[in-house]
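There are 2 protein chains.
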Amino acid sequence: MSSNKTTARAVEPLGVAVLGCGVVGSQVVRLLLEGDADLAARVGAPLEIRGVAVRRLDAPRDVEVPADLLTTDAHGLVARDDVDLVVEVIGGIEPARGLILEALESGASVVTANKALLAEDGPTLYEAAEKAGTDLYYEAAVAGAIPILRPLRDSLVGDQVTKVMGIVNGTTNYILDKMDTYGAGFEEALAEAQELGYAEADPTADIEGFDAAAKAAILASLAFHTRVTASDVYREGITEVTAGDVASAKAMGSVVKLLAIAELDGDEVSVRVHPVMIPRSHALATVRGAYNAVFVESDSAGDLMFYGQGAGGEPTASAVLGDLVTMARHKVLGMRSFGESAYADRAVRPMGDTVTRYHVSLDVADKAGVLAAVATDFAEHGVSINAVRQEGRGADAQLVVVSHEAPDAALAATVQHLREMEYVRDVASVMRVEGAV
Amino acid sequence: MSSNKTTARAVEPLGVAVLGCGVVGSQVVRLLLEGDADLAARVGAPLEIRGVAVRRLDAPRDVEVPADLLTTDAHGLVARDDVDLVVEVIGGIEPARGLILEALESGASVVTANKALLAEDGPTLYEAAEKAGTDLYYEAAVAGAIPILRPLRDSLVGDQVTKVMGIVNGTTNYILDKMDTYGAGFEEALAEAQELGYAEADPTADIEGFDAAAKAAILASLAFHTRVTASDVYREGITEVTAGDVASAKAMGSVVKLLAIAELDGDEVSVRVHPVMIPRSHALATVRGAYNAVFVESDSAGDLMFYGQGAGGEPTASAVLGDLVTMARHKVLGMRSFGESAYADRAVRPMGDTVTRYHVSLDVADKAGVLAAVATDFAEHGVSINAVRQEGRGADAQLVVVSHEAPDAALAATVQHLREMEYVRDVASVMRVEGAV
Numbered sequence: 001m002s003s004n005k006t007t008a009r010a011v012e013p014l015g016v017a018v019l020g021c022g023v024v025g026s027q028v029v030r031l032l033l034e035g036d037a038d039l040a041a042r043v044g045a046p047l048e049i050r051g052v053a054v055r056r057l058d059a060p061r062d063v064e065v066p067a068d069l070l071t072t073d074a075h076g077l078v079a080r081d082d083v084d085l086v087v088e089v090i091g092g093i094e095p096a097r098g099l100i101l102e103a104l105e106s107g108a109s110v111v112t113a114n115k116a117l118l119a120e121d122g123p124t125l126y127e128a129a130e131k132a133g134t135d136l137y138y139e140a141a142v143a144g145a146i147p148i149l150r151p152l153r154d155s156l157v158g159d160q161v162t163k164v165m166g167i168v169n170g171t172t173n174y175i176l177d178k179m180d181t182y183g184a185g186f187e188e189a190l191a192e193a194q195e196l197g198y199a200e201a202d203p204t205a206d207i208e209g210f211d212a213a214a215k216a217a218i219l220a221s222l223a224f225h226t227r228v229t230a231s232d233v234y235r236e237g238i239t240e241v242t243a244g245d246v247a248s249a250k251a252m253g254s255v256v257k258l259l260a261i262a263e264l265d266g267d268e269v270s271v272r273v274h275p276v277m278i279p280r281s282h283a284l285a286t287v288r289g290a291y292n293a294v295f296v297e298s299d300s301a302g303d304l305m306f307y308g309q310g311a312g313g314e315p316t317a318s319a320v321l322g323d324l325v326t327m328a329r330h331k332v333l334g335m336r337s338f339g340e341s342a343y344a345d346r347a348v349r350p351m352g353d354t355v356t357r358y359h360v361s362l363d364v365a366d367k368a369g370v371l372a373a374v375a376t377d378f379a380e381h382g383v384s385i386n387a388v389r390q391e392g393r394g395a396d397a398q399l400v401v402v403s404h405e406a407p408d409a410a411l412a413a414t415v416q417h418l419r420e421m422e423y424v425r426d427v428a429s430v431m432r433v434e435g436a437v
Numbered sequence: 001m002s003s004n005k006t007t008a009r010a011v012e013p014l015g016v017a018v019l020g021c022g023v024v025g026s027q028v029v030r031l032l033l034e035g036d037a038d039l040a041a042r043v044g045a046p047l048e049i050r051g052v053a054v055r056r057l058d059a060p061r062d063v064e065v066p067a068d069l070l071t072t073d074a075h076g077l078v079a080r081d082d083v084d085l086v087v088e089v090i091g092g093i094e095p096a097r098g099l100i101l102e103a104l105e106s107g108a109s110v111v112t113a114n115k116a117l118l119a120e121d122g123p124t125l126y127e128a129a130e131k132a133g134t135d136l137y138y139e140a141a142v143a144g145a146i147p148i149l150r151p152l153r154d155s156l157v158g159d160q161v162t163k164v165m166g167i168v169n170g171t172t173n174y175i176l177d178k179m180d181t182y183g184a185g186f187e188e189a190l191a192e193a194q195e196l197g198y199a200e201a202d203p204t205a206d207i208e209g210f211d212a213a214a215k216a217a218i219l220a221s222l223a224f225h226t227r228v229t230a231s232d233v234y235r236e237g238i239t240e241v242t243a244g245d246v247a248s249a250k251a252m253g254s255v256v257k258l259l260a261i262a263e264l265d266g267d268e269v270s271v272r273v274h275p276v277m278i279p280r281s282h283a284l285a286t287v288r289g290a291y292n293a294v295f296v297e298s299d300s301a302g303d304l305m306f307y308g309q310g311a312g313g314e315p316t317a318s319a320v321l322g323d324l325v326t327m328a329r330h331k332v333l334g335m336r337s338f339g340e341s342a343y344a345d346r347a348v349r350p351m352g353d354t355v356t357r358y359h360v361s362l363d364v365a366d367k368a369g370v371l372a373a374v375a376t377d378f379a380e381h382g383v384s385i386n387a388v389r390q391e392g393r394g395a396d397a398q399l400v401v402v403s404h405e406a407p408d409a410a411l412a413a414t415v416q417h418l419r420e421m422e423y424v425r426d427v428a429s430v431m432r433v434e435g436a437v
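The listed protein sequences correspond, in order, to chains A and B.
Numbered according to UniProt numbering, the first sequence spans residues 1 to 437.
Numbered according to UniProt numbering, the second sequence spans residues 1 to 437.
For the record, the hints were derived by calculation from the structure and aren't laboratory data.
Heads up, the beta-carbon is just placed ideally off N, CA and C, and yes, glycines get one too.
Covered, in the sense of this in silico footprint (three residues per stretch, anywhere, with C-beta under 8 angstroms from a C-beta of chain A), are these stretches of chain B:
#1 32 to 41
#2 333 to 343
Derived, one-sided and incomplete: chain A residues facing chain B with beta-carbon distance under 10 angstroms:
#3 L32
#4 G35
#5 V43
#6 D154
#7 S155
#8 D159
#9 Y291
#10 L304
#11 Y307
Computed spacing ranges between beta-carbons, pair by pair:
#12 B:P46 <-> A:E64: 52 to 58 angstroms
#13 B:P350 <-> A:P123: 51 to 57 angstroms
#14 A:R288 <-> B:D202: 38 to 44 angstroms
#15 B:Y182 <-> A:T286: 21 to 27 angstroms
#16 A:G253 <-> B:L371: 39 to 45 angstroms
#17 B:G91 <-> A:A59: 55 to 61 angstroms
#18 B:P46 <-> A:G91: 40 to 46 angstroms
#19 A:R288 <-> B:G91: 38 to 44 angstroms
In isolation and in its complexed conformation, chain A is listed as follows:
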């Protein structure tokens, strides 16, 4: 397309409503105002902000927003005839859901970064967009600035994705990275993350894995052409991860990460969030600090990784703007996106039936027969052992066992039984394992 043709296409400006003006919203407004000429050239029509809906007109903001754009009447803004594109960056379920539905019904296209809403009630939104013949985009909802949803939806749509593993929560990755680097305990690392602004005052959504679980649901839905909601996702956070677990991982050349995992198993999917030991040679092990990365395994493409900043006002705004320009181009050309494909309609496999591998570290009595007793326990639960390492003597004797793959319930039952064994003084660390160890 030449510049001339762009100009020829440039008819009426497109009106944009921004709902929410916090960390992300204020950056979206800034980028729209500062980048107007480039955006107009890329879209084929100018983008004009019709209003920015806020709760309080006088709240302090990261970016100065022209006062005449601010309004507390979000519903009125969405209902305006001259609003073609709506950016929802309020977060949470309501009023975000109601506003998005009103926008879609009025024929506007919507971009949202609202992973919680999408994971809870995405299909309602997808159907509303389909019915209205408009676009709904949400790249920013998972892994911030990293383009991952579009690659899954479009680039890999001719392939069969078999597994997605993501470090999709920067707060927990920061905490685990500190524990790994400095041997810090969980509480200490959390306190540091809070001090530096990587964790919120109430860190529950991050450290208990709720945020990652919402993203796992979205990733699984797109990767496997099915519908997965947050409540389908098995979830363990990182609050139980100890300095001992991290040291145990280190001793075997591994690192502990909180992963969002979506996996195809036959006709079913397994979707889960839990701490995992992965070998340091795995690409995901190199993701440090608050960075995010998503690792994708697929039949033909093989292994792919997407890496970048998963949060923050500017990176998230970059993803929002990418979607906004795409939707605006569609408006100019009278098109819409293909929408969510859920034809495969797969069952979600319960965690107990999901095949995993365990790393178990035991404090044991230093007696002949301990190893045999432990090995027998695994065997009786139908779990094969991949590797055993015995360390220390006397009161410090430790037995480290890495299992082969087995149903998670069988592994959990094995561990439960080990806890009751006479020779086992303590089950010091239990963690699932991903990647070749």
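Take the given structure of chain A and dock chain B to it, following the hints.
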């Protein structure tokens, strides 16, 4: 979109013509045949192969292709009324260009993996697609299975990309990785790569950087909304990289990579392919063997990296199929893609004016005043020095200099002058530097 709606949309099958049945083409045919049910559900219409154009009907192939699909009449195949989508995986300029133009003019959408053609004459193809109102996609042309063009075109379209650095040629990365890991010389590593099938019998296109230069042109065009052709790209291959260069990089915690670099500098772009020293802490340094990766810097998103397999039949076919499904969906919905945006129309900065940094390793006479003389030489060319390290004594005395940023011509002139200095016995290694050292 529910399954029902998919079925409702599924009207007529879409006809596919595959041009070329080599390593990539045969995998495309296999995936189309084996994945037909999934592809039909994802597209909303079945995809049916109308024919596979080959040079010789009886040539040996990686995948068995039904004999009744094979034809030697590529032009006749493209001209068929029932061909809606054309896959061009012949490679080279002609007959590929003529066939693609015929296909576009007949209203078919085209997916091609032909980087050489796109880098030489892309605009002719883009304009033909625009004129015909059809799609032209080419994700597989750069970095094989890695989704990178679509992220640049769509995901980052609301952002300002400032720099793209890619390891986009697996052959040269394999060779340089071997040189780094085993201290091998270039010839030895090349011979091993040829033995293992990572390098062709005539490796010129890879080792002289022609392949990477074509990809650099495509990346620069998309990242900066402009038009860059292969002839605009400054190009140095890896044939001059010695074991000494690699050792010198190693000594400073760096590694040598062949990078395709596209950089925004004011209103201009710099596009180049040459060996580079990057610190081992840089994400690109971790890309081993024949893998590819593209590192993207942008104003709002910050740093992103895309990693995966850059070549091979199946990975490349995955990218082709992703494009094919997208084009097929467009056909079903009566849409087309937005096309290439070249509104920015940027000048390409000559290499001499491009700002770079040099690492220079000199064998020097062990005399007082050598360092001062060398430093003076840099200063006289207007180049500041970032770091100097003096090593060894007597006949083995070495001086390693890392410059600050300066115009490439000034750096080259400095090195040329150093070669003529009395105290300098040999300029042992000269290499550009990227990333914080």
